[in-house]
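S.K.: Please work from the sequences and hints to get the whole structure.
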Amino acid sequence: MSLSWSPSVLVRSFSRGRNRILPLPSTNERILLLTQREEDASAIHSALAEEPGNICSCPEMRKLCAEIRAGACVALLDAESLAGARLKLLAETLLEQPSWSDLPLIIIADAGDPSGEAWERIGRLVPTGNVSLLERPLDHRSVTGAVRVALRSRRRQYALRDQLLKHERQPAAPRVSKAKPQRARENTPESTNETDFLNAVINSLPGTFYVFDARGQLLRWNEKLEIISGYTAAEVARMHPLDFIAHEYRAHIAERIREVFERGDSSAEADLLCKDGRRIPHFFNGKRFTLGSQTCLIGMGIDIAQQKQTERQLKELHAIAERRVAELDAVIESMPDAVYIGTASGITKCNTNALKMLGAKSVADLNRRIDELGGKFDVRWPDGRRLRPEELQFSRALQGELAIDDVVARKLDTGEDVYIRAASAPIMLHGRIVGAVSINSDLNQRKRAEEALASAKDQLSRHAAELEKRVQERTAKLQQSVQSLEGVLYHVAHDLRAPLRAMQGFTTILLEDYAPKLDKQGEDYAQRVSSAASRMDKLIQDLLAYGRLGHMALSMGTLDLNEEINAARNRLGPEIRARNANVQVERGLPKVWADSVLLGEILVNLMRNAITFVAPGVTPQVRIQAESARPEFIRVWVEDNGIGINPEHHERVFRVFERLRADPVYIGTGIGLAIVRKGTERMGGRAGVESVPGAGSRFWVELPAASKANE
Amino acid sequence: MPTILYVDDDDNDVLLLKHALRCAKLSYDVQVVNDPENASAYLNGHGAFADRELHPLPDLVLLDLKMPRMHGLEILAWIRRQPHLEDLTVVVLTASNHIPEINRAYELGANSYLIKPVELGELVDIIRGMITYWLRADVVARK
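One line per chain: the protein sequences are A and B, in this order.
Using the numbering used here, the first residue of the first sequence is number 75, and each one after it goes up by one.
Using the numbering used here, the first residue of the second sequence is number 205, and each one after it goes up by one.
None of these hints come from the bench; they were simulated from the model.
We put the CB at the ideal spot given by N, CA and C, even for glycine.
It is possible that part of the hints are untrue.
Which residues of chain A face chain B? A few of them, derived with a C-beta cut under 7 Å, are [as the list claims (entries may be wrong)]:
1) HIS568
2) LEU574
3) GLY579
4) THR582
5) ILE583
6) ASP611
7) ARG653
M.R.: Shown next, in the form of C-alpha cells:
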C-alpha cells in the first residue's frame, strides 16, 4: 500500500484561502502513562526521571486515546485498564494512526498473570501494534529498559515518516495543477494563482467538499465542512470520514465508500453528525479518482434538511389527503341512500347502495359521459315520460341547479323499476362548479311499507270483524245455553213436582178420608210419605232458586235494611211463630246497595238458619244488627243462640247440600247458606260466620253501602 | 150447574182437582181433556164433543201449560183468536213458577195464573178462592 499521507504537511484547511500547516504532533518523545495503581505511577516516574521525554499521565482511556491522536512516542498502561469498551477504544485509536505509525505499547501486569485475562486482552492489541509487557513489581532497570527500547522504535518510525513526507511534498504541487490541467498549462508560472483559484472554487461550492483516501484519511476539505460540522481544521485533520456520519448510517456509508473505490462512484443520503451532536440530513456523493499514485474519493455533501422537511411535509399532506378521502368514502358508503359524485365526464365515486339501486356492477359502469349514461339508463317521470339527458337531475346539478324529483329508474341488471327520489346538487369550489353529487332515496321501500301497512290495516279490520262475529256467536251460544239451562230448570220444576203433588195429595186423602181403615202404623207411614214429599218439594224449590241466582238479572238499588228485614221476617212469620222464636232487629240500620229479591232471599235464609239450629228445648233468640265494615261496605250480623259450628266447618256450611246434622230435628235443605253466599257475592259482597260450638253463631254478610256514587 | 173445562195430561192432578172441589163443597160439571188438541176440539164442538148436551161450552177453562205435543200457551193464544171464545175465562193452573212464562200467559190473555201447590190443603184453598171469584155472578169478564 502506498503511504503518501502526512498530517503535518498535507492536512490543510482551505479556509481563508491559504494553505495552513497544522502543528506537528509532538516529536519531543512524550511518554503517555495510564495506570490505576499509585505505586505503578511512582515507580515509573522515579525510573524515568533521568530519561528524556515528558511523562503525560492520563486519568482514563479516553484521555489516553486523545493524547495518542495528538502525538506520542510510547504509551505505558496497566493491564487492568484494558477491560471491555476501553480496550476497543484503544484498538480503534491505534487503527486510526497513520500508516507509518506503530506506537509502542508497554503493558504493566502482575507477574505470572499473563496466563489469565490480562493476556487475552493484550493479545487483542497485538495485531495493531508494538506491544511489550512489563511485569510487576516494577523495578528501575526493567522500566527504563523497556521505555528505551520503545523510544528507539518510535524514533525509527519518525525517521520513516519524515522520508515519506519528503516524497509526498514533491508530487503535491503538480497534483493541484493537474486538477485543472489546461489552465495549469496556460498559467504555469502562476501556479500559486491556480491554487488560489482552485481553493476559491472549492470554497464556493454549495455543500461540503471532501477528498479522502482508501484508508479514510481526509486529504482535502473545504471550509464549509468545518462550519457545518463545528470541528476545527485540526480536528477534521485527525478524523475519519465516518466520524461525520450519524451512527446508524455508518455501515451504509462505509458500504457506499467501498463501492466508490471498487466501481467508481456512488451516492447516499445520511445524517451528518456535528460536533455538538446535531444531525443534518445530507446527500453525499463520491467519485473515484487517482491523485498521483493514490486512489482517492472526491465528493460533495449537500444539505438536504430543507428538502427532507419538505418531503416529510408532503408525505404528511398526502397522508392527510388520503385519510380525508378515506373518510369521505366511508361517509358516502355509510349513507343509507344511493350516493354518487362526478362530473359531466362521468361518475367517479359512488357507494354500494348506488350500485345496487342502479343495478351496476362497479363504478366503472357509471364512469361515462353523463349524456351517454343518461341514454343507458331508463329514467322516467312518474307519468311514464322518459327524462331527456339534460333533464336528469345530475345534469341539471352540473349546471348549478339543486334538482330534486321523484322518478322511476329501471335497473340495469334486473330491469326492475325502482321508485327514486333523486336529489342532485352542484359541488362548488372557489366559486366554480367542479362536479355534482346525487343522493337517491329508494321510495320502493316506502311504497312497500305503505302497502304492507295498508294490508295490515285491512287484515286487522278483517280480524276485528271476525272477532266481533265470533263474540256474537259465542254470546248467542251462551244465551242459548242459558236458555236451555232455564228450560231444564223449568222442566225440573214442572215434571219433578207433579209426582210429588200426587204423593202428597193422595196420602193426604188417605189420611183424611180413609183414616178409619188405617191402623196407627199405617197412618204413621202415610204421614211419612207426605212429609217426605213435602221436603223433596222444598228441596227442588231451593235448588231452583239457587240455580237462578247465577244468571238472574239484578236490579240494584238503594234499599233500607230495616224494611227488607221486616219483609223477610213477615215471610218467615209461620216458622218464627211455630218455633216461638224471638227475633230482635236493631233500629236505624243503614241503607245498602242491593237487589231487592236477592236481598230478601239472603235475609230469609239467614233468619231461617238462625231459628232452626237450636238445641231442643231452647227458645231461639236472634239479634240482627249492622255496622260499617271495610270502606263502602255494610256488614249485617245475624246472631243466634244455636248449637254453634266447629271452626273446621265454617266454610262447609256455605256449600250446597252441606248439612252438618243428619238429625231430623234440624230440618233444612242445606241450600239456604249457599244461597246467602252466592247471593251476596253476586252483589259484590261476601258472607261468613264466627261461631263456637255450644255458644251460638254470628253469621254476617257484607253488602255495598248505598252512596251517591252508585245511585 | 156451571161447567169447568180442565185441560191437563196428568191424571193425578185431575183426581186431586176433583177431590179439592169436593172438599170445597163446590159442585160443578168438570169436563176433562188431556191435551190441547182435544181442548180446541171441545171448544169448537168437533168430533166427540159435538153434543153440547154432553159437552156444554164451559164457563171457565183451567189450563195446564206443559203438555205433550202442544204447549198450553198455544191453546190460550188460539182461544183468544176465536171470536166466540174471546170472553171465556181462562185460568192457568200449572206447576211452573217461571216468571217469563207467567208474564207471557198474561200477555196472551190469561185471566189468572195459579201455581199448583204440593199440599192438598193449599190446593183446596186456592181452588175455592179462584172458583168463588171467577164464577160469581157479579164478576164481569172482560170484553
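S.K.: With chain B as the partner, please determine if HIS568(A) meets the hint condition of a C-beta pair closer than 7 Å.
M.R.: holds (4 Å)
S.K.: Holds or violated: is the Cβ of ILE583(A) closer than 7 Å to a Cβ in chain B?
M.R.: holds (6 Å)
S.K.: Does the CB of THR582(A) sit less than 7 Å away from some CB of chain B?
M.R.: Status holds, d = 4 Å.
S.K.: Less than 7 Å between beta-carbons is the criterion; does ASP611(A) satisfy it with respect to chain B?
M.R.: Check passed: Cβ of ASP611(A) comes within 4 Å of chain B, closer than 7 Å.
S.K.: Let me know if the C-beta of ARG653(A) comes in closer than 7 Å to any C-beta of chain B, holds or violated.
M.R.: ARG653(A) check fails; min Cβ-Cβ to chain B is 20 Å, beyond 7 Å.
S.K.: Would the hint on LEU574(A) stand, with a C-beta cut-off of 7 Å toward chain B?
M.R.: holds (6 Å)
S.K.: Taking the least C-beta to C-beta distance, is GLY579(A) closer than 7 Å to chain B?
M.R.: holds (4 Å)
In summary, the structure is inconsistent with hint 7 from the numbered list given earlier, while agreeing with all the others.
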